[in-house]
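K.L.:
Next come the chains, spelled out residue by residue.
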Amino acid sequence: MILGKIKKRPKGWNRPQAVAESGDGELLEVAMGPHHPSTHGVFRMDVALDGERVIKLRPVFGYLHRNHEKIGEGQSYLASMPFTDRLDYMCPLTNNWAYALAVEKLTGQAVPERAEYLRVILGELTRYQNHASSIGFLTQEMGASGTPLMYAFREREKILDLFEELTGARMMVNYMRFGGCRVDASEGWLDRTRKVVAGLGRFTDEFERLLRSNAILMVRTQGVGRLSAELAVNAGVTGPMLRASGVNYDIRKVDGYGIYNRFNFRVPLGDHGDVYDRFMIRLLEMRESIKILEQALKDIPGGPVVDPKAKSRGIRPKSGEAYGRIEAPKGELGFYLISDGGANPYRYRIRPPSLINLTVLEDMCLGSDVADVVLIFGSVDIVLGEVDR
Amino acid sequence: MKTVEEIKSAIEAAIPGAAVEIVLNPSPSGQHSLRLAPESAYAVAKFLRDDAELKLDFLSNATGVDWPDSLEAVYHLYSVEKKHGPVIIRMKTVNRTDQVELPSLTPIWRSAEFQEREIFDLFGIVFTGHPDLRRLLMWKNFKDHPMRKDYREPDDFEWEPTAHDEVLKRAEAQRSRDQGSEIRDQGPATA
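If you read the protein sequences in the order shown, they are chains A and B.
Everything in the first sequence is counted per our numbering, starting at 1 for the first residue and increasing by one.
Everything in the second sequence is counted per our numbering, starting at 1001 for the first residue and increasing by one.
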């Protein structure tokens, strides 16, 4: 007995409503995961099924838990930087950025122009490759075995090559520092990036044509896993999932952190909040990322890449606290730091978008077929390194 | 966006008897916060969400802090509608041992559901009124709260019984051989 007796849910407007059983058979309890291939890692969903219909779903976390926050409290501020790469390992550069931003807020550290531009360029490349792969995974789960995913990975590999050239690693980049970036980008690197970005538009069109007109994709995704705007905001859902439900909230626009208010880009919004909208929002955001990249690569100024007065090693911020957040590809990634004046943070907290976006998983899955659970789960776009930390 | 002082007076005007205290933040981030008394925290939180001017409809981050004398829950609130924030509210428990209850804000912001479960799991704050307060990351039978500063992991944490005594004996013999030999030092060869 995995789930125990199915109890009536407590009343409250923001809790999922119970789905009525048909009453002609017994419920089947299935543990999907922790090694189910669709869970993108080790994650379990305990599902109660009435025939094919989902009656109850309970996510089970913690298989990849290593208490990242405790580790962060036991070491210096800088020593946590490489660890942030391991949170959402698809997007290490945005993790670096969020952490650097929080520490910069805590210490009042300024960042030079060129470093800000490099951060935007790397952040948007990260967003592009994350969205492309996440769409690839989604189609993989629909049965389009391999092909779209490999197309996405081909482009991702071009971007990862750029990361490797600049930072020394494809994924475990450890690139940003408090007050700038670790190394400067050469003119040659910027030229190669321009060349890669020039090819991304064509790939996006091709990718969209391949998928958007596909009848199977339409049937499998449209109207599946709906999420209302009201619940999405209340449940703290962020990122493409929130915007697919039609809520105009992009932290790049709202906070304008870094230098995002200098760029001209739009925030795509969906109006059904279903799996198809989430897929389309990611596709449209890829286009906006290209727009930002083109502007940033045109305007990037010279100058130092790290503030000459900045100290990375052995910083001891004055006692106080700071919460810094960015629009990571998966949603709002925040770092909350409390300093007691020592060399280690007193409290080091990561606000993981992947975990909080899963709050509404049960709401989206109730009443739908078990085959759609895989798709709805895929459309949330999570990485377990960040969910479990 | 109102300052913390203005928010404090707005709360006190709307909810008579609500105890609100401003916690100043000396760091350059300038993110000051409001400490709520646990008794009135639920009503205050509801007011913050529903007030027409504040409309803090989005709870971004909820987390715990272990202080020497008490446990604290910290919530970062933003407004999606008005696009402002953060407003930071915090609540303290009476002590760290037996009076660790705080009111759950999950009925107001669903976003707190997993985050409060995580705080319960890692810090041991018990949220009264939480619809489903179970451990989130550690397993069911786990006893302690690992994020507390005084947590010490048991030394048999990864202990696994070895199936055969003879394996242990061989390992022991190997160890004593290693101790006598010169290649134990893994440092670079000097000669």
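Rather than coming from a laboratory, the hints here were simulated on the basis of the structure.
Treat the numbers as computed from the prediction; the structure is a model and nothing was measured.
We put the CB at the ideal spot given by N, CA and C, even for glycine.
Any given hint could be a false lead.
Stretches of chain B that chain A covers, calculated by requiring three or more beta carbons in the stretch to come under 8 Å of a beta carbon on chain A [unchecked claim]: (1) 1010 to 1016; (2) 1019 to 1032; (3) 1036 to 1048; (4) 1087 to 1095; (5) 1105 to 1111.
When the alpha-carbon atoms are kept at most 30 Å apart in a straight line, the in silico DSSO-like pairs for lysine-lysine are as follows [what the hints assert, rightly or not]: (6) B:Lys1046 - B:Lys1002; (7) B:Lys1008 - B:Lys1082; (8) B:Lys1082 - B:Lys1092; (9) B:Lys1092 - A:Lys318; (10) B:Lys1092 - B:Lys1143; (11) A:Lys253 - B:Lys1008; (12) A:Lys70 - B:Lys1140; (13) B:Lys1082 - B:Lys1046; (14) A:Lys70 - B:Lys1169; (15) B:Lys1082 - A:Lys291; (16) B:Lys1149 - A:Lys311; (17) A:Lys253 - A:Lys158; (18) B:Lys1143 - A:Lys253; (19) A:Lys253 - A:Lys298; (20) A:Lys253 - B:Lys1149; (21) B:Lys1002 - A:Lys318; (22) A:Lys318 - B:Lys1143; (23) A:Lys298 - A:Lys309; (24) B:Lys1083 - B:Lys1055; (25) B:Lys1092 - A:Lys70; (26) A:Lys318 - B:Lys1046; (27) A:Lys70 - B:Lys1149; (28) A:Lys253 - B:Lys1055; (29) B:Lys1140 - A:Lys253; (30) B:Lys1143 - B:Lys1008; (31) B:Lys1092 - A:Lys253; (32) A:Lys158 - A:Lys70; (33) B:Lys1169 - B:Lys1140; (34) B:Lys1143 - A:Lys291; (35) A:Lys195 - A:Lys291; (36) B:Lys1002 - B:Lys1055; (37) B:Lys1169 - B:Lys1092; (38) A:Lys158 - A:Lys291.
K.L.:
Hint by hint, note whether the structure agrees.
P.N.:
Cross-check of the supplied hints:
no., hint, verdict
1, 1010 to 1016, "violated (count 0)"
2, 1019 to 1032, "holds (count 6)"
3, 1036 to 1048, "violated (count 0)"
4, 1087 to 1095, "violated (count 1)"
5, 1105 to 1111, "holds (count 4)"
6, B:Lys1046 - B:Lys1002, "holds (17 Å)"
7, B:Lys1008 - B:Lys1082, "holds (19 Å)"
8, B:Lys1082 - B:Lys1092, "holds (29 Å)"
9, B:Lys1092 - A:Lys318, "holds (23 Å)"
10, B:Lys1092 - B:Lys1143, "holds (23 Å)"
11, A:Lys253 - B:Lys1008, "holds (28 Å)"
12, A:Lys70 - B:Lys1140, "holds (20 Å)"
13, B:Lys1082 - B:Lys1046, "holds (17 Å)"
14, A:Lys70 - B:Lys1169, "violated (37 Å)"
15, B:Lys1082 - A:Lys291, "holds (27 Å)"
16, B:Lys1149 - A:Lys311, "holds (28 Å)"
17, A:Lys253 - A:Lys158, "holds (28 Å)"
18, B:Lys1143 - A:Lys253, "violated (44 Å)"
19, A:Lys253 - A:Lys298, "holds (21 Å)"
20, A:Lys253 - B:Lys1149, "violated (38 Å)"
21, B:Lys1002 - A:Lys318, "holds (26 Å)"
22, A:Lys318 - B:Lys1143, "violated (35 Å)"
23, A:Lys298 - A:Lys309, "holds (28 Å)"
24, B:Lys1083 - B:Lys1055, "holds (9 Å)"
25, B:Lys1092 - A:Lys70, "holds (21 Å)"
26, A:Lys318 - B:Lys1046, "violated (34 Å)"
27, A:Lys70 - B:Lys1149, "holds (9 Å)"
28, A:Lys253 - B:Lys1055, "holds (19 Å)"
29, B:Lys1140 - A:Lys253, "violated (42 Å)"
30, B:Lys1143 - B:Lys1008, "violated (39 Å)"
31, B:Lys1092 - A:Lys253, "violated (34 Å)"
32, A:Lys158 - A:Lys70, "violated (35 Å)"
33, B:Lys1169 - B:Lys1140, "violated (35 Å)"
34, B:Lys1143 - A:Lys291, "violated (52 Å)"
35, A:Lys195 - A:Lys291, "holds (14 Å)"
36, B:Lys1002 - B:Lys1055, "holds (12 Å)"
37, B:Lys1169 - B:Lys1092, "violated (53 Å)"
38, A:Lys158 - A:Lys291, "holds (18 Å)"
Checked against the numbered hints above, the structure breaks hints 1, 3, 4, 14, 18, 20, 22, 26, 29, 30, 31, 32, 33, 34 and 37 and satisfies the rest.
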